[in-house]
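Input sequences plus hints: build the corresponding full structure.
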Amino acid sequence: MPRSLPIPLAFIAICLCLAPIAQARIKLITLPPRERVEIQLDNPGATLVEEERIVPLIKGENQVDFSWANTQINPETILFRVIAPAAEQKLDVKVLSVSYPPNEAALVWSVGASDSGSARVRISYILGNLSKNFAYRAVATRDESKLVLAQYMRLQNLANEEYGKTEMWAGFGKEFLKPIGLNETKEMLMAKFANVPIRKTYTASLSEFGYLDQPQQKLRIPMHYVVKNDKASALGTAPLPEGKVRIFIEGTEKEKATTFLGEDWGRFTPIDDEMRLYLGVAQDIVVKRTIDRNDKIRIAGNLFDHAVTIKYEIENFKDSPVTLDIVENLRQIRTEVRGSDNGRDVQWELGKDTTFEGGPDKEKSTFEKQVFHVKLPARGADGKAEKFLHKLQITLKNEW
Amino acid sequence: MTARSILTLLLLLSAPAWARNVDLSTVPKRDTVQLTIYNSEDLTLVRETRTITFKKGANPLQFSWANTLIDPTSVELKFLSNGEQLEVLDTTFPHDKPQMLYWNVQSSFDGEAKIEITYFTSGISWSADYVAVADREEKAIGIEGFVKVINNSGEDYEDAQVRLVVGKINLVEKIAELAQINAPDFSRMDESKQNYYRFSAMRKSIDSADRYFDAQAAPATRPPAPKEIVKEGLSEYFIYSIEGTETVRNGWSKRMRSFAASAVPLKIQYRYRPAEYGDQLVRMYLLTNDKDSKLGTTPLPDGAVRVFRDNGRDGLSYLASQSVKYVPIGDKIELNLGRDPSVTFELVKLLASRDEIWMERGAANTFLRVGQPGVQIAVNSWVVGWDDHEIYAQRVRNYTAKPIEVEVRRTFPGHVVFRSSLKPTLFDYQTAQFTAGVQVGQKVDLLFEIVRHQGRNAKQNNVTLEAAEIKP
Chain A
1 MPRSLPIPLA FIAICLCLAP IAQARIKLIT LPPRERVEIQ LDNPGATLVE
51 EERIVPLIKG ENQVDFSWAN TQINPETILF RVIAPAAEQK LDVKVLSVSY
101 PPNEAALVWS VGASDSGSAR VRISYILGNL SKNFAYRAVA TRDESKLVLA
151 QYMRLQNLAN EEYGKTEMWA GFGKEFLKPI GLNETKEMLM AKFANVPIRK
201 TYTASLSEFG YLDQPQQKLR IPMHYVVKND KASALGTAPL PEGKVRIFIE
251 GTEKEKATTF LGEDWGRFTP IDDEMRLYLG VAQDIVVKRT IDRNDKIRIA
301 GNLFDHAVTI KYEIENFKDS PVTLDIVENL RQIRTEVRGS DNGRDVQWEL
351 GKDTTFEGGP DKEKSTFEKQ VFHVKLPARG ADGKAEKFLH KLQITLKNEW
Chain B
401 MTARSILTLL LLLSAPAWAR NVDLSTVPKR DTVQLTIYNS EDLTLVRETR
451 TITFKKGANP LQFSWANTLI DPTSVELKFL SNGEQLEVLD TTFPHDKPQM
501 LYWNVQSSFD GEAKIEITYF TSGISWSADY VAVADREEKA IGIEGFVKVI
551 NNSGEDYEDA QVRLVVGKIN LVEKIAELAQ INAPDFSRMD ESKQNYYRFS
601 AMRKSIDSAD RYFDAQAAPA TRPPAPKEIV KEGLSEYFIY SIEGTETVRN
651 GWSKRMRSFA ASAVPLKIQY RYRPAEYGDQ LVRMYLLTND KDSKLGTTPL
701 PDGAVRVFRD NGRDGLSYLA SQSVKYVPIG DKIELNLGRD PSVTFELVKL
751 LASRDEIWME RGAANTFLRV GQPGVQIAVN SWVVGWDDHE IYAQRVRNYT
801 AKPIEVEVRR TFPGHVVFRS SLKPTLFDYQ TAQFTAGVQV GQKVDLLFEI
851 VRHQGRNAKQ NNVTLEAAEI KP
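Those sequence lines, one after another, are chains A and B. Start counting the first sequence at 1; every next residue gets the next number (this note's numbering). Start counting the second sequence at 401; every next residue gets the next number (this note's numbering).
Hints were generated in silico from the structure; no laboratory data involved. One thing to keep in mind: the hints can contain errors.
[What the hints assert, rightly or not] Over the 12 Å line for every Cβ pair with chain B, so calculated as not near, a few chain A residues:
#1 34
#2 36
#3 94
#4 146
#5 192
#6 237
#7 239
#8 288
#9 373
#10 390
#11 397
[Stated by the list, open to error] The calculated DSSO-like cross-link candidates involving lysine-lysine, where the alpha carbons are at most 27 Å apart (straight line), are:
#12 802/B - 174/A
#13 288/A - 352/A
#14 694/B - 94/A
#15 749/B - 228/A
#16 362/A - 749/B
#17 200/A - 391/A
#18 859/B - 397/A
#19 749/B - 369/A
#20 859/B - 749/B
#21 200/A - 94/A
#22 732/B - 691/B
#23 397/A - 749/B
#24 200/A - 174/A
#25 627/B - 94/A
#26 694/B - 725/B
The structure displayed is predicted, hence computed values, not measured ones. Glycine is no exception: its CB is placed at the ideal position from the N, C-alpha and C atoms.
Right under this line is the structure:
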């Protein structure tokens with residue numbers, strides 16, 4: 001017969017020297033309250049709850065019940081540790097065995113005590129449905145050069161158990177001492193980073209972002225805020241966990257209220273890496289990309305080189321100068337000129353007719369992804385934008 | 401309703417006593433009961449003793465086991481005292497009562513005798529699990545091992561001696577060996593004969609443990625302390641004998657500590673082994689089940705390990721849970737803690753090229769190398785062989801507070817040359833392995849070149865290591 005309990009999580013010390021476990025149905029029990037609770041949130045996939053209670057024990061063998069009706073405690077993870085005697089007394093307390101009754105979310109510790117007295121014990125368990133996530137709120141300065149980044153931890157308690165004053169720790173940053181009620185979601189400010197420099201990027205990348213207008217071969221140009229998680233950016237103390245970032249821009253001197261710019265999922269960002277936040281498509285920057293030449297040069301038999309020239313016609317209709325990032329994926333180029341990907345590595349050389357100043361960005365490029373930067377001035381006072389022409393000359397080598 | 405195995409002595413003057421409608425019987429209680437749990441076979445040998453008063457002449461004994469999982473072919477009766485004056489004349493399994501048997505015991509004396517009934521039951525199992533708590537600096541770890549006995553056999557076992565057989569036993573071979581018969585002969589036997597050998601072999605297998613256990617009889621009174629679990633090696637397996645007796649009721653489980661070791665030395669290694677841990681760099685705790693590591697008293701049976709770390713704030717951090725396979729004494733214990741966000745691990749391709757391109761002209765079986773001086777290659781020629789060259793940087797950044805050791809294993813199918821100055825070794829014929837240290841805050845590019853002989857150039861299916869300075 002299942003034992004019914006009025007509260008989801010119950011901890012009971014039975015003040016009887018033990019006869020065989022659970023045979024006696026008439027019991028005198030004490031209910032030691034929680035003295036302290038900690039919720040450890042440092043593991044990305046599990047929440048560890050640790051609670052301390054002071055348990056009265058009698059000399060000899062004691063029975064200590066622990067039950068967790070309607071909660072998702074993993075019974076295999078429950079630990080019972082004696083921290084210290086509650087008062088100044090010598091008390092040797094040991095767990096003798098643990099029994100699990102049938103069809104119940106409960107267990108019974110058999111605890112041996114060298115003397116009568118109270119022991120401070122810590123019970124730890126992995127609790128489901130008590131989860132955390134992270135969120136950010138970023139407020140950019142009016143000139144979009146810096147932002148204030150606030151990092152929040154959101155704790156959602158659907159575990160069907162409430163915890164009073166509880167110490168919570170995410171594995172980094174500060175600890176919190178707060179209660180968390182049933183079905184409650186609590187958002188806590190973990191950290192606030194001021195003066196974080198932002199890089200505003202405009203990226204032309206066919207393989208990543210595709211066309212805005214394919215018949216006209218106009219590329220989609222997304223705009224990102226890029227934040228580097230390093231010390232120079234007033235960050236870099238810990239990886240930035242994944243989370244939704246809401247981005248605002250501060251108001252004018254006259255109109256103080258901030259304006260919502262957009263939101264994006266910030267990916268997990270290790271130290272020294274960049275978090276890229278997509279804000280929207282920059283339709284005032286027009287990039288028309290065409291494959292200008294594709295010459296097959298026979299080396300021998302069915303072995304060819306392909307001399308490929310990609311032409312970019314670029315216009316900036318914005319009132320401010322911008323730097324455009326042009327990203328080319330070499331496999332993508334080969335698929336375009338050959339019609340399919342043969343699966344082999346792309347062997348290639350950069351041609352001398354390439355017009356991008358300074359060549360590829362070595363830090364951001366890999367062998368299969370090349371990144372170039374183009375500085376574009378603001379449109380003229382007459383409202384017209386200058387059209388810039390750039391070429392990328394690539395020779396795809398040894399293809400068949 | 402609790403199912404019970406019951407022994408009754410039928411108080412009737414003559415056999416067949418069980419034919420009457422009106423019966424009187426006594427129910428001698430169990431004196432002792434002992435469980436030997438063979439997990440790998442879902443089989444538990446139960447050995448119980450009872451004291452019975454016999455009268456001269458025929459003594460019908462009824463043994464029943466309604467609603468339990470006892471194997472009826474395995475039930476055996478043995479006389480532990482007055483054996484020469486007692487004899488089982490016959491055993492009857494009544495057709496209308498499937499979970500019952502009668503022994504017709506002939507006695508030549510009046511008085512008490514101790515009997516032993518053994519049988520096999522299924523539904524009792526045990527499992528091992530471990531709790532490991534590393535210290536704050538992660539230099540040492542405390543490990544506690546537990547065994548949990550789960551009783552779903554339909555029978556309550558009160559005050560039972562419990563012993564657990566650790567290890568997977570191939571019973572057929574074992575039985576054949578102990579019975580001194582050939583395994584093929586065994587497989588040709590019918591089931592009842594196989595059972596006979598199986599049961600006698602299993603009984604024999606625990607005899608030495610019995611003797612050991614009896615010699616270790618616990619003193620009558622002692623302060624409460626966790627029961628010791630005596631571990632004894634026995635042939636190809638271990639027997640864990642739990643000190644004293646335990647009551648394990650039907651439907652209940654009971655978990656007891658089997659060992660505890662504190663300050664076990666610990667090594668941390670980061671590993672990239674996609675075949676074992678997926679496509680990620682994982683952090684490992686490495687320890688050894690030996691005496692130098694304060695372990696090594698017993699092999700560690702299969703079981704789940706839950707790993708924690710002292711978080712330095714008077715609490716624990718939960719690191720991981722994983723199941724470990726049987727760890728023999730002296731072998732390594734490897735605990736995978738998963739990805740560490742403070743260590744980044746990337747593979748960056750720095751260069752790709754092709755050379756040694758060979759062509760075949762038409763179907764003429766004529767092969768020519770591209771670029772060979774003075775050789776003209778006809779238009780109707782086809783690439784049939786080439787070498788791919790790839791240069792990679794295995795980039796590791798360490799943002800932890802300690803220097804780390806990283807071990808990388810990469811598998812390359814085909815005919816491959818692995819060139820680097822990383823002092824690699826071969827893990828197997830197509831897997832190269834190398835290890836490097838990364839200091840605190842350091843970013844290292846571990847450079848290597850792969851040459852893949854393709855098409856006609858491939859002569860082997862293996863990886864060859866070459867020492868070379870790689871420059872991107």
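- Task: Output the numbers, in ascending order, of every earlier hint that fails for this structure.
- Result: Violated hints (numbers, rising): 2, 3, 6, 7, 11, 21 and 24; every other hint is consistent with the structure.
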